[in-house]
Amino acid sequence: MSYLEYTVKSVPSGIRKVLYMNWPLNLLLISVACVGFLMLYSVAGGSFSPWAEPQIERFGLGFAVMLAVAMVPIWFWRNMAALAYLLSLLLLVAVEFFGAVGMGAQRWIDLGFIRLQPSELAKITMVMMLAAYYDWLPSERISRPLWVLLPVAIILIPTYLVLRQPDLGTAILLVAAGGAMLFLAGVHWAYFAVVLAAGAGLVTAVFQSRGTDWQLLKNYQYRRIDTFLDPSTDPLGAGYHITQSKIALGSGGWAGRGFMQGTQTRLNFLPEKHTDFIFTTLAEEFGFVGGVSLLTLYSLILVFCIATALATRDRFSSLVTLGITVTFFLFFAVNMSMVMGLAPVVGVPLPMVSYGGSAMLVLMAAFGLVQSAHIHRPRQK
Amino acid sequence: MRRNPREVDGLHRRLGRRALLAGGLQLGFAGALALRMRYLQVEQADKFRLLAEENRINIRLIAPARGQIFDRNGVILAQNSPSYRVVIVREDAGDVDAVVDRLGRLIALDEDDLEKTVAELRRSPPFLPVTLVDRVTWEDVSRVAVNAPALPGITPEVGLTRFYPRGADFAHIVGYVGPVSDYDLSQIDAPDQLLRIPRFQIGKSGIEAKREDELRGKAGARHVEVNATGRVMRELDRREGQPGADLQLTVDAELQAYVQARLQGQSASAIVMNVETGDLRAVASTPSFDPNLFVRGISVADYRALTDDPYRPLANKSVQGTYPPGSTFKMITALAGLEAGLITAGDTAWCPGYLEVSNRRFHCWKRAGHGHVDLLKSIEQSCDVYYYDLALKVGIERLSAMARRFGIGVRHDIPMSAVARGLAPDRDWKKRTYDQEWLIGDTVNAAIGQGFVLASPLQLAVMTARLASGRSVRPRLVRTVNGVEQPGGAGEPMGLNENNLRQVRRAMFAVSNDRRGTAYGSRVIDDAYRMAGKTGTSQVRNITAAERAAGVTRNEDLPWERRDHALFVAFAPFDAPRYAVSVVIEHGGGGSSAAAPVARDVMLQALYGDTPPLAAYPQKDRGRIKAQQERLQRERRLRETDGSDRA
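Protein chains in written order, with numbering that gives the first Met the number 0: chain X, 0 to 380; chain B, 0 to 646.
Keep in mind that a hint or two might mislead.
Said to hold, decoys possible - Simulated crosslink set (SDA-like; lysine to any residue; CA at most 20 angstroms straight-line):
#1 X:Lys16 <-> X:Thr311
#2 B:Lys203 <-> B:Glu213
#3 X:Lys245 <-> B:Tyr38
#4 B:Lys46 <-> X:Gly257
Just so you know, the hints here were simulated from the structure itself, not pulled from any lab data.
Let's have the full structure, built from the sequences with the hints guiding it.
Here it is, written out as structure tokens:
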């Protein structure tokens, strides 16, 4: 057992574990979920169906899953990490063959009670796998090239499978979260510097070569990149959504138009208003105050999770908590940047608020891991 | 694996440092998001509030009426005729399946189409009308209207579709329209918003395509207030679009119909062109097809039938087809020699029936030879050896330069699809294309319009018009746009020696008026309308030495696709030329037997403006001509009643 300082006796047992949970985190999660219910009720025109009610049920289920995960000692989850990672890879391969495509690009497998998106699952299992890897890896090997390549492979395999779906949003999240894990685990600065420099160099080369003899991409590929970076060049496609989103957001003003009074949302100018663009509705109806409030709740979740990570001396617990934190951060940061016109449109939902079963359940399970790490942290007597 | 406490401490400290850094970055980004929100929602709030108000006002495009196309006398060739369709609004219909079922008992519904429509209906917003059946007859519309109470949500609507009342006669000239395809959109840099309207139709071929920009018109707009679901509440403002421009063509619909009918049953083409103005009076190509089929969306079977036909109905042979001009090219060779001062009209050559050039024997069509041949006789009797001999003196460069002055190897600017350039070959061209040196034999072949020389029927008509007028006449197809006269095709004088031209014209006159002329059988008797012309027979195959030894096989004994092309060019009246005519009959056999009679009939029809009197024809032909005229008139009457049924 790698749990050196672990004294099993000092860990709470049985039902008492519930008392030792990170309760501020629980309360924050419930608050954010409630914001979600409220907005789903609003975009449905003041009705619990079709979105708010199932969302409440799923949050209930998700909360139960979180409790269940939290009750199980964190070291069990560490031992499960490799298995979970392989399982999610298998599922990703399986959706290639058996999955159904719905609403854009994400693929899911219908399990009857829920449509499971393996790509959602992969985000968490990849973090677990990396945390377990660095928990096991002796410290002097962390920055050795061969031992850096292995986790890079752990990141790129699910990324490749997700890109094939094709789900660009999730692929970006996987790479970013995985990179953050490597950074947190203590991989040498130079690796990140080289990767960033190479990336910047490649991007510069691609753009510099445009219109010259040695042009690296085809002209239509450049046009696609243009549309991706500046949606206003395609006013009837991607640009339309972003423009409408900014109008809705901006017209909310300081205090918003009031609950259920958002004209842009009412008039259906917003696409996907119950999923990817739900933050726009919030910002339109509750204004700057409402938007910053949700942002504050999110930031507090980050703070409490980081605190949990720093409080434990168990390396797996710390890494898995920080990884989940980063994933959560990436979710809301990418989504908000997108609806505010700072980032291109990639399908990333607003965590805990957007309508969606898989994402909600997987996220709650992930917070169950954080709670488990919190409950089962090593205590010195 | 056990770790010593020092290592654990070190790792933990490093993790802590990096976690704090990462956490700080995350919170910093959250702060940046808050700033962005502040910028949008506080600083720019007023601007976006204004935009939000404007958002409730929607702009809907109104499709303009497409410009109509007329012939030179105002006969309509392409019109917008009302077509009826039956639409359904889902929210008014209630039980869609039951309503559609009831409708199906009243009028015929296509099962496949219906399935697609119902699927579309389920996807689109409930208040949006979806077309159930298109092109419904008036009887069906009335039946639907009478049964309206039993058909909630179903209404008949009237729209405009393109209709070509002259059908196949103008299929190649006017072309046809069709719905915008993705390919069309990808070809245009900044597509007009109109093109994105579902079922919007644009020109796909012919004038409809080439003059699309003028015919289409400008979109109008409706400002409407929309409510929560995008449903139109009321119209605030309406700006009518600008209808497309009406085009009037130079073509005479009656003459065109006559020429098409005259060529019926053959894979052929004929052009009638005004010698002075360049106005194209008829541009015929047979067989043709019904353009209305394409507007409706042609069925696979119909399309297959068109593409599988060996006579190629879809090809516009008049401008797109290029053929070796054969002997009709001899005037060019003669003029090249005369203009260069290498020969005079009186110089003679000796024709023993062949000419030996660098050990190869080039035969004259007349095996026995023509004896002494001067210019007049060479054209009148179409002696080949005279031109072989002349070719050696003139050379290919001068020959091709003269051809280009007469419009062969030059792409004429008329708004039809795939106008061919033809070919006036020279040394450079052969080097570029085949990477081979020019041979003297190539020049000899070119002199009689064989070998590499290629010309379209349009180019032959232009050539003839230029011979007749001595001016570089250009063809014109569009006479007016919205009543505004378009630039004419009357050209500048070509700067040729008038005496040389007169010699050539005189020889062309002899072709159809001298007893020994190759087209004497197709002469015009009426003195006011005497015709000058030139026959041409262009080989599709090489005659092998073995064939020659066995005696030349007669054309009629060959399979159709190996027979010679028959050509004839003519202008009339000889004294004051009005029209130039060119006729090409693919695999028709000889120019004098197959093409010349057609050219004569077409020319007389153009000159008289109606069925010509029998007095214009030679005495012995009158019986046959009378029967032919009656047959054509009968057939045309039949087709006209067909056409009215279609409308």
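Status of the hints after comparison with the structure:
1. As the CA atoms of Lys16 of chain X and Thr311 of chain X are separated by approximately 16 angstroms, the hinted pair is consistent with the 20 angstroms bound.
2. For the hint linking Lys203 of chain B to Glu213 of chain B, the alpha-carbon distance of about 14 angstroms falls within 20 angstroms, and the restraint holds.
3. With a CA separation close to 11 angstroms, the supplied pair Lys245 of chain X and Tyr38 of chain B stays within the 20 angstroms bound.
4. A threshold of 20 angstroms between alpha carbons decides the hint, and for Lys46 of chain B with Gly257 of chain X the separation of about 19 angstroms falls inside it, so the pair holds.
Hint check: no violations occur; every hint is consistent with the structure.
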